[in-house]
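For the record, the sequence lines run as chains A and B.
Under this note's numbering, think of the first position of the first sequence as 79, with each following residue one higher.
Under this note's numbering, think of the first position of the second sequence as 6, with each following residue one higher.
Heads up, a few of these hints could be off.
[As the list claims (entries may be wrong)] Listing some non-contacts, in silico: residues in chain B with all C-beta distances to chain A over 10 Å: (1) R97; (2) R155; (3) G162; (4) G174; (5) R193; (6) E195; (7) L197; (8) S198; (9) I205; (10) N225; (11) M251.
[As the list claims (entries may be wrong)] Beta-carbon label-pair distances, calculated as ranges: (12) D134(A) - L48(B): 16 to 26 Å; (13) L102(A) - T38(B): 37 to 47 Å; (14) T146(A) - D165(B): 28 to 38 Å.
Keep in mind the hints are simulated off the structure, nothing from the lab.
If you're wondering where the values come from, they're calculated on a predicted model, not measured in any experiment.
Note that the Cβ used here is the ideal one computed from N, Cα and C, for glycine as well.
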Amino acid sequence: MNLLRLISGRTATAPVARERLQILLAHERGLRGQPELLGLLRAEILAVVSRHVTLDPEKVIVRMERGTHVSTLEVDIEVPNGFERSMAAAAR
Amino acid sequence: MAKVLVVTSGKGGVGKTTSTAALGAALAQMGETVVVVDFDVGLRNLDLIMGAERRVVFDLINVVQGVAKLSQALIRDKRLENLWLLPASQTRDKDALTDEGVGSIIADLRTKFDWVLCDSPAGIERGAMLAMRYADEAVIVTNPEVSSVRDSDRIIGMLDSKTVKAERGERVEKHVLITRYDQARASRGEMLSIEDILEILATPLLGIIPESQDVLRASNVGSPVTLNDAASAPARAYTDAARRLMGETVTMTVPLARKSFMNRLLGRRAA
Chain A
79 MNLLRLISGR TATAPVARER LQILLAHERG LRGQPELLGL LRAEILAVVS RHVTLDPEKV
139 IVRMERGTHV STLEVDIEVP NGFERSMAAA AR
Chain B
6 MAKVLVVTSG KGGVGKTTST AALGAALAQM GETVVVVDFD VGLRNLDLIM GAERRVVFDL
66 INVVQGVAKL SQALIRDKRL ENLWLLPASQ TRDKDALTDE GVGSIIADLR TKFDWVLCDS
126 PAGIERGAML AMRYADEAVI VTNPEVSSVR DSDRIIGMLD SKTVKAERGE RVEKHVLITR
186 YDQARASRGE MLSIEDILEI LATPLLGIIP ESQDVLRASN VGSPVTLNDA ASAPARAYTD
246 AARRLMGETV TMTVPLARKS FMNRLLGRRA A
């Protein structure tokens, strides 16, 4: 502990600056580039699945959740009913 | 093999132009042929800091548009014969610069110089993008202050994605240059320390330039601080930084780190 700081009664503000920056930049780095990556993933997933199943492009949702240690990529594809029948027809 | 180095920051007023002039002059003093290029179209100042403001006839835009030849626009420094300036236009707007135009000028400069130092304008718009576009290396000028560190982080992201090198899957070699550093205030916990900044930006350090009256004194008379008073603390710090750019290993010292008896007594530690 710093003797002068104790005498003057002023608290160190640099640790506050450091913490604010770390939190802010973790968030901003997460946002950076994400729209492009997710858009690309979405387009490619849609292209691959569409080769086999007729899909409504609006029903393909790709979402990224960022956590402190791991991030998760969530892909939600809604397939129309009758999907199994068309698969079976293709196999025949 | 010529090196193209962009001096950038995102935030304005942190010392990009001062650093470009000081590093350019320091490299030239070491025998390298150097050109400093002002990319701040419309708000040029590198000419003023270099003391060449009255010798500008043609500029970067004139060369891009074919009005003048590169050799007509280059201004040779009066103190160092291997130091040159390519000024920006003061009257045109930044849209006059094109990617292809900048690319061909940089390619031309590469054949004539050892170092091409590009002084970026502030911001993340077209001018800043073009200044970094063809860079092999980048010096990110950062003040020990939250808004500057945030903007530096943003610029680092751009260097890793928007440059020609990044698009080829290569890396622009990045260095952080901390300017206006006050050792005493950092020791008292009033200013972000060097460790804090480097940890946050995760980029290697090129040098630490102390807050100093010598910088204003040099700009007043139109001389890069490394030429104006080579023995001053900022000049020594910039010269060390230039030696590191040349690949030398120079011990990183915090300039003006005179540890007084009182400081030792009060337990202040060096940053």
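For each hint, the structure was consulted:
1. With 10 Å as the threshold on Cβ separation, the claim that R97(B) sits away from chain A holds: the shortest Cβ distance comes to roughly 32 Å.
2. A beta-carbon of chain A comes within 10 Å of the beta-carbon of R155(B); the shortest separation is about 7 Å.
3. With a cut of 10 Å on Cβ distances, G162(B) falls inside the contact zone with chain A, its closest approach being about 5 Å.
4. Annotated as non-interface, G174(B) keeps its C-beta farther than 10 Å from every C-beta of chain A; the closest such distance is 15 Å.
5. Listed as outside the interface, R193(B) is inconsistent with that label: its C-beta sits roughly 7 Å from the nearest C-beta of chain A, within the 10 Å cut-off.
6. At the 10 Å boundary, the C-beta of E195(B) falls inside the reach of chain A, the nearest C-beta of that chain being 6 Å off.
7. Distance check for L197(B) against chain A: the nearest CB is about 5 Å away, which does not clear 10 Å, and the non-interface claim fails.
8. Look at S198(B): its CB is around 7 Å from the nearest CB on chain A, not clear of 10 Å, so calling it non-interface is violated.
9. Listed as a non-interface residue, I205(B) fails to keep its Cβ farther than 10 Å from every Cβ of chain A; the least gap is roughly 5 Å.
10. A cut-off of 10 Å between C-beta atoms confirms that N225(B) is not in contact with chain A; the least separation is 31 Å.
11. Non-interface status of M251(B) relative to chain A is upheld: no Cβ of that chain comes within 10 Å, the nearest being about 31 Å off.
12. Between D134(A) and L48(B) the beta carbons are some 51 Å apart, a value that contradicts the proposed interval 16 to 26 Å.
13. Checked against the hint of 37 to 47 Å, the pair L102(A) and T38(B) passes, with Cβ atoms roughly 42 Å apart.
14. In this structure the supplied range 28 to 38 Å is violated for T146(A) paired with D165(B), their Cβ-Cβ distance being about 22 Å.
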